[in-house]
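Trainee: If you want the building blocks of each chain, they are given just below.
There are 2 protein chains.
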Amino acid sequence: MLLERLLRKERVAAILKVLADNPNKIYSLGHFSEMFMAARSTLSEDITIAKRVIESLGEGYVETIPGAAGGVRYIPGLSRMDKDILIEQLGNMLKTSDRIIPGGFIYMNDVICSPDIASKVGIIFAQKFKDKAPDYVITVETKGIPIAMMTAKYLNVPLIIVRRDSRVTEGSTVSINYISGSSKRIQTMSLSKRSVKKGSNCVFVDDFMKAGGTANGIIDLMKEFECKVVGIGVLVESSTLNKRLVEHYISIMKLESVDEEMGQIHIVPSLNY
Amino acid sequence: MLLERLLRKERVAAILKVLADNPNKIYSLGHFSEMFMAARSTLSEDITIAKRVIESLGEGYVETIPGAAGGVRYIPGLSRMDKDILIEQLGNMLKTSDRIIPGGFIYMNDVICSPDIASKVGIIFAQKFKDKAPDYVITVETKGIPIAMMTAKYLNVPLIIVRRDSRVTEGSTVSINYISGSSKRIQTMSLSKRSVKKGSNCVFVDDFMKAGGTANGIIDLMKEFECKVVGIGVLVESSTLNKRLVEHYISIMKLESVDEEMGQIHIVPSLNY
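So the sequences go chain by chain: A and B.
This note's numbering puts the first residue of the first sequence at 6, with every later residue one more than the last.
This note's numbering puts the first residue of the second sequence at 6, with every later residue one more than the last.
Excised from the complex, chain A in its bound form (with noise of 0.2 Å):
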């Protein structure tokens, strides 16, 4: 793309438009140059600019990588306010009594479906398990996708989306039965032979947990296509079951109890992330 010369202030606002929204993808010096007809060392100038934008803003940070493949990326994060906003909202919206379903469940669909709310957690998971260079993100459908999606996206890596059953335009899968770690019954859930690349490493995320059966299940699941899961991430996880089938996890909130009876929902921020 070639734009007509910009001046600097609007060549800073330009680069760090398409590298925010292009979330650790890694553009060259070169790219940036052609694209703004500018000399690299005028653009080494603006990214550094850039880069105390993003600082001042407290959102994760720009990182320049030496080197013939080099060039620079953003790292999204939160900014410490933005964490506490959100985890102030969470804990107000999910503690109300209408929540309550039957069996103990709390009603999530608003809070995991508003883009915002799901972009936020996608920036904290992404944060978190960037360091572990996961190949891909992995869920298992439904109500983990939209959180799921928005980890993939700021990690910039692909989705999967393991299924509950076999569907015809999957082509062949390879399907595994694992134990609901709360209900104790059977389950299956299906993935595509050639979803992922052998040797890959993934990060699970979902919207709840409660024994961690079905983080399990995508452990096994993985372990078939000769992968494995180096990270969990989920919304909620429920502390109302004493064991885990998973050891290593995080989650943004923890639901101590729900008393159907009184109408409470108790929760609270997890300490674990």
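Heads up, a few of these hints could be off.
What the hints assert, rightly or not - Which residues of chain B face chain A? A partial, calculated answer using Cβ under 8 Å:
| no. | residue |
| --- | --- |
| 1 | Ala19 |
| 2 | Ile54 |
| 3 | Val58 |
| 4 | Pro151 |
| 5 | Lys158 |
| 6 | Pro163 |
Stated by the list, open to error - If you only want the chain B side, here are some residues facing chain A, beta carbon under 10 Å, derived:
| no. | residue |
| --- | --- |
| 7 | Ala55 |
| 8 | Ser61 |
| 9 | Asp121 |
| 10 | Ile224 |
| 11 | Lys228 |
It is worth saying that the hints were derived from the structure and are not from the lab.
Glycine included, every Cβ here is placed at the ideal spot set by N, Cα and C.
With chain A's structure known, arrange chain B on it following the hints.
Mentor: Below, chain B without anything else, positioned relative to chain A:
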């Protein structure tokens, strides 16, 4: 959020970052004035520069809304060049013969689950349907969710996910039966009663449309909620059937034919968007 005093070149970039990260969200001048400890007149000038930057990039526009409830917001758009690149990329990806799945389907999971592609398609749909002022983006599980979520993000409205069956964690639901236009089978879809407000306008987004049976089902389901479907957007429409159950919709690509025997897929850009 209070930031140290920034220079204009830094402030313009910071403002554009905030606006671009929160498409279609209105920010008052007072918000930025507080954030940057700068006079409103100064910020007005900053925003004029930000507008020019977005215009140069060809990525939508920054709109100033006058009046007491007014402010400034970013309406996302895809530049002509990015649109062309997307169409070319989709064409190249989707025509490879190994995508053919018995039954004349094509494997598209990698396409719909690419954050980059889903984001761009989301921007195109958001741009197209913005003037209909939708209150929600609606989709039916599972494969339409990533694109629908991105459309919701760029429109800044909640996403609604219609389920294929009713689950325990959604509370009371409204279910309808509908007839799939291509296979003529009776199918069910259901939606939690509390998910949509009466009298709302929705945009339906899906990955694939054959005869339009699902779209038609969504229109019927929305009637039960006294809501209206004001727009339909699909990534790929199949033109292998002559008649359509719905009339008004947009698509990005048109699947002309799938020749299972010869291993050939004929897919072209749609002209209707």
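Trainee: Now tell me, hint by hint, if it's right for this structure.
Mentor: Hints, verified against the model:
1. Ala19: 5 Å, holds
2. Ile54: 6 Å, holds
3. Val58: 5 Å, holds
4. Pro151: 5 Å, holds
5. Lys158: With a closest approach of 4 Å, the B/Lys158 hint holds.
6. Pro163: 5 Å, holds
7. Ala55: Status holds, d = 6 Å.
8. Ser61: 5 Å, holds
9. Asp121: 8 Å, holds
10. Ile224: 20 Å, violated
11. Lys228: Because about 21 Å separates B/Lys228 from the closest Cβ in chain A, which is outside the 10 Å limit, the hint is violated.
Hint violations for this structure: numbers 10, 11, all remaining hints satisfied.
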